[in-house]
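Undergrad: With the sequences and hints as input, model every part of the structure.
Here the protein sequences line up with chains A and B, keeping their order. Using my numbering, the first residue of the first sequence is number 50, and each one after it goes up by one. Using my numbering, the first residue of the second sequence is number 16, and each one after it goes up by one.
Calculated directly from the structure, the hints in this document are not laboratory data. Note that beta-carbon positions come from the ideal geometry of N, C-alpha and C, so glycine has one too. Check the hints yourself; a few may be wrong.
What the hints assert, rightly or not - Coverage of chain B stretches by chain A, computed from C-beta distances (three or more under 8 angstroms per stretch; other residues unrestricted):
1) 108-121
2) 327-338
3) 391-400
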Amino acid sequence: MSDREHVNGEIRTVIANHARLPVDVATLSDGADLFEAGMTSHASVNLMLALEDHFDVEFPDTMLTRGVFQSIGAIEDALLELQGRAAA
Amino acid sequence: MSVAVSRDQEFLQGIARIAVDAAAPNADEVDREARFPVESITALREAQALSAFVPSELGGGGVSFEAIAAACFELGRSCGASAMVFAMHQIQVATIVRHLEPDSWFEHYLRDIASEQRLIASVTSEVGTGGDMSRSIAAVEPVGEGRWQFEKQAPTVSYGAHADDLLTTLRRSPKAEPGDQVCVLTKRGQHELQQTGTWDPLGMRGTCSPGNVVRAELPLEQVLSTGFATVMNESMVPISHILWSHLWLGIATDAFDRARAFVRAAAKRKPGEPLPMAIRLSQLMSELSLLRAEVSSGLAAFVAASAGDRSELSQMSTILRFNNLKIAASEQAPRVCTGALGVCGIVGFKNDTPFSVGRHLRDTMSACLMVANERIHETNASLLLIAKEV
Ligand SMILES: Cc1cc2nc3c(=O)[nH]c(=O)nc-3n(C[C@H](O)[C@H](O)[C@H](O)COP(=O)(O)OP(=O)(O)OC[C@H]3O[C@@H](n4cnc5c(N)ncnc54)[C@H](O)[C@@H]3O)c2cc1C
Numbered sequence: 050m051s052d053r054e055h056v057n058g059e060i061r062t063v064i065a066n067h068a069r070l071p072v073d074v075a076t077l078s079d080g081a082d083l084f085e086a087g088m089t090s091h092a093s094v095n096l097m098l099a100l101e102d103h104f105d106v107e108f109p110d111t112m113l114t115r116g117v118f119q120s121i122g123a124i125e126d127a128l129l130e131l132q133g134r135a136a137a
Numbered sequence: 016m017s018v019a020v021s022r023d024q025e026f027l028q029g030i031a032r033i034a035v036d037a038a039a040p041n042a043d044e045v046d047r048e049a050r051f052p053v054e055s056i057t058a059l060r061e062a063q064a065l066s067a068f069v070p071s072e073l074g075g076g077g078v079s080f081e082a083i084a085a086a087c088f089e090l091g092r093s094c095g096a097s098a099m100v101f102a103m104h105q106i107q108v109a110t111i112v113r114h115l116e117p118d119s120w121f122e123h124y125l126r127d128i129a130s131e132q133r134l135i136a137s138v139t140s141e142v143g144t145g146g147d148m149s150r151s152i153a154a155v156e157p158v159g160e161g162r163w164q165f166e167k168q169a170p171t172v173s174y175g176a177h178a179d180d181l182l183t184t185l186r187r188s189p190k191a192e193p194g195d196q197v198c199v200l201t202k203r204g205q206h207e208l209q210q211t212g213t214w215d216p217l218g219m220r221g222t223c224s225p226g227n228v229v230r231a232e233l234p235l236e237q238v239l240s241t242g243f244a245t246v247m248n249e250s251m252v253p254i255s256h257i258l259w260s261h262l263w264l265g266i267a268t269d270a271f272d273r274a275r276a277f278v279r280a281a282a283k284r285k286p287g288e289p290l291p292m293a294i295r296l297s298q299l300m301s302e303l304s305l306l307r308a309e310v311s312s313g314l315a316a317f318v319a320a321s322a323g324d325r326s327e328l329s330q331m332s333t334i335l336r337f338n339n340l341k342i343a344a345s346e347q348a349p350r351v352c353t354g355a356l357g358v359c360g361i362v363g364f365k366n367d368t369p370f371s372v373g374r375h376l377r378d379t380m381s382a383c384l385m386v387a388n389e390r391i392h393e394t395n396a397s398l399l400l401i402a403k404e405v
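TA: So this is what it looks like as structure tokens:
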């Protein structure tokens, strides 16, 4: 399994546990809008905290925007960018 | 002097005249009778001030955002209700200007604001979600042939009966989640307002803001194309907080000026005698300075963040900053007015003296509930968990 697939699966687990979506995360595509799927602003903050904890990273302020947490794909890009930065 | 600077100066000279000649002389009557400040708004229309922020290419005044904020302050010194009507209209205009798509319906609409001096009211609050602008219950629904309709229960629509047009927030479709919103503009003739209550409030009486059921039918092109979350973060919320806080500062400044006039009059009556209230006035000045500093640094931060791609405005640390401006200014403005009352004593408490500050105090007491501070605190408490530099 590639890094990306692995990260994607873990993001989906964190979302299932913390984003309090009214739908099953398995039904969402990577590009699906999580806010349109019913994630509230409050739940999005819990999701960010859970992602920081799970992946042992800190999102800098420039990444703490609605756009970065709008879809599974966007979260994956952000995490890979942060992990890439850490490795470099 | 650059064209832009002289344009701002000319605009602000006009506003200062309107504040003195139209707003101030009617402020007490507007307040007492809870009537619309028709003299101020007529004068603002005649001065083309309703389109001051519309770009000059579209027929507007093309003034800077700082000049609009300064105008809110200036009007607030004369009549809080006039200033609030002006500010709320400018919030809608600035939101449309900042999210304008070239050749869209909204571009033509901005030209109409300039040529017809149309006044826009806002329908964001809703029965059931209160002041939480980021959720809606009412939805736009298609009625066929590219036309849409909605019905919204609005608890408070300021100057709805006097406005030409309405900017309303709604769910994107009957199936959309509460946070999946759009913003629509309807013109007089496209909507109908059914008043649901009376308007006899403590303060800001001239805003004439009873509840209404709003029903409208409109073509699809009158839905703002930018997603409402972006509109809210980049424009509507920070601009509301900045313009409101400027006019609250204006009201508080006039209360302070009245207290100072009172102390000076007392000093002239008894030259050389100790004046305990002069010390209180000095203490009050430091309270006013705190308010001034927060309001002007908020404006500077917004202008700086708007200069580039505006991405900073969507960051949680920035959202916190402008939420804090609202909370701080809404608490500090009535504190300054209460202090002015303490300086003036009974002549400040009476409603018919040159030192009366009752209207100022009552008007600024609306600030905390104009979107409840507790709601904003709840948002901030959550953002503080994740933001880094605040
Ligand atoms: C002068 C004036 C003019 C206005 N004009 C307009 C207008 O033209 N258009 C428009 O759309 N709106 C307008 N509003 C805003 C609107 O009236 C109110 O913000 C909205 O109706 C909220 O109603 P509410 O006070 O019941 O507050 P709600 O937000 O419903 O709150 C009700 C109560 O619960 C408390 N509360 C809410 N959330 C929390 C929380 N999370 N934690 C703890 N306590 C909480 C509040 O403090 C409040 O006491 C105006 C307001 C004023 C004062």
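Undergrad: Are there hints from earlier that the structure breaks, and if so, what are their numbers?
TA: Hint 1 is the one this structure does not satisfy, whereas the remaining hints hold.
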